[in-house]
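Q: So the chains spell out like this:
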Amino acid sequence: GNSVTQMEGPVTLSEEAFLTINCTYTATGYPSLFWYVQYPGEGLQLLLKATKADDKGSNKGFEATYRKETTSFHLEKGSVQVSDSAVYFCALEPGSNYKLTFGKGTLLTVNP
Amino acid sequence: GAVVSQHPSWVICKSGTSVKIECRSLDFQATTMFWYRQFPKQSLMLMATSNEGSKATYEQGVEKDKFLINHASLTLSTLTVTSAHPEDSSFYICSATAQGEENYGYTFGSGTRLTVV
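Chains as they are written, first to last, in the numbering used here: chain A, 1204 to 1315; chain B, 138 to 254.
Quick caveat, the hints were computed from the structure, so don't treat them as lab data. Positions of the beta carbon are idealized from the N, C-alpha and C atoms, including for glycine. Certain hints may be false.
Not the full set, but computed from the structure, chain B residues with beta-carbon under 7 Å of chain A [as the list claims (entries may be wrong)]: (1) F176; (2) P177; (3) S180; (4) L181; (5) S227; (6) I230.
Here chain A stands alone, though its shape is the one from the complex (with noise of 0.2 Å):
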């Protein structure tokens, strides 16, 4: 069946550290890609997403790179804010049912 696996957290980084986050997938046939947000209270936003191998996702200066060879889509941003603070989950769709995956998540922490 279709998984996801992403770094357990939690990640604690100083403003304008550099993250990233591991996210590596099990998935039959070309699955689109997602980085998904969750901040404390709400529901979840795209972050960002791919769609076929070798496309890059990106947004607000998070970039994801979507590996078939290394089944890999892991998330990375150069400067992170304290703003950034929330829970971050990977996330494939299969294509043929539309249903979404998920990632355990990582909570991420920056402090000022």
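Chain A is fixed; fit chain B onto it per the hints.
A: Positioned in the frame of chain A, the structure of chain B alone reads:
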């Protein structure tokens, strides 16, 4: 962009009562809506998928008689937790998509915190 409104944002109810949660797509027609449950510090667990005008498809282990889902129109789906008990306390999140419309993707509501006392 696409917006999904979910109400209420939080609710406290007594054990044995029922609670209804609404999920509305405000600016698009949602052919499919999804209901998730999220436990503290855990990922989202898909409970069911609903398509407008048809019965919801429940995931394995989800009690369909306890979690009633209605998707009567292309802009509204409801989740009713019947005879709620403290173990039903959780964060419930809906999402909606317009199948075939890649630009919409999946849009999530802001969630409902249910506390059963």
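Q: Looking back at the numbered hints, which does the structure fail to meet, lowest number first?
A: 1, 2 and 5
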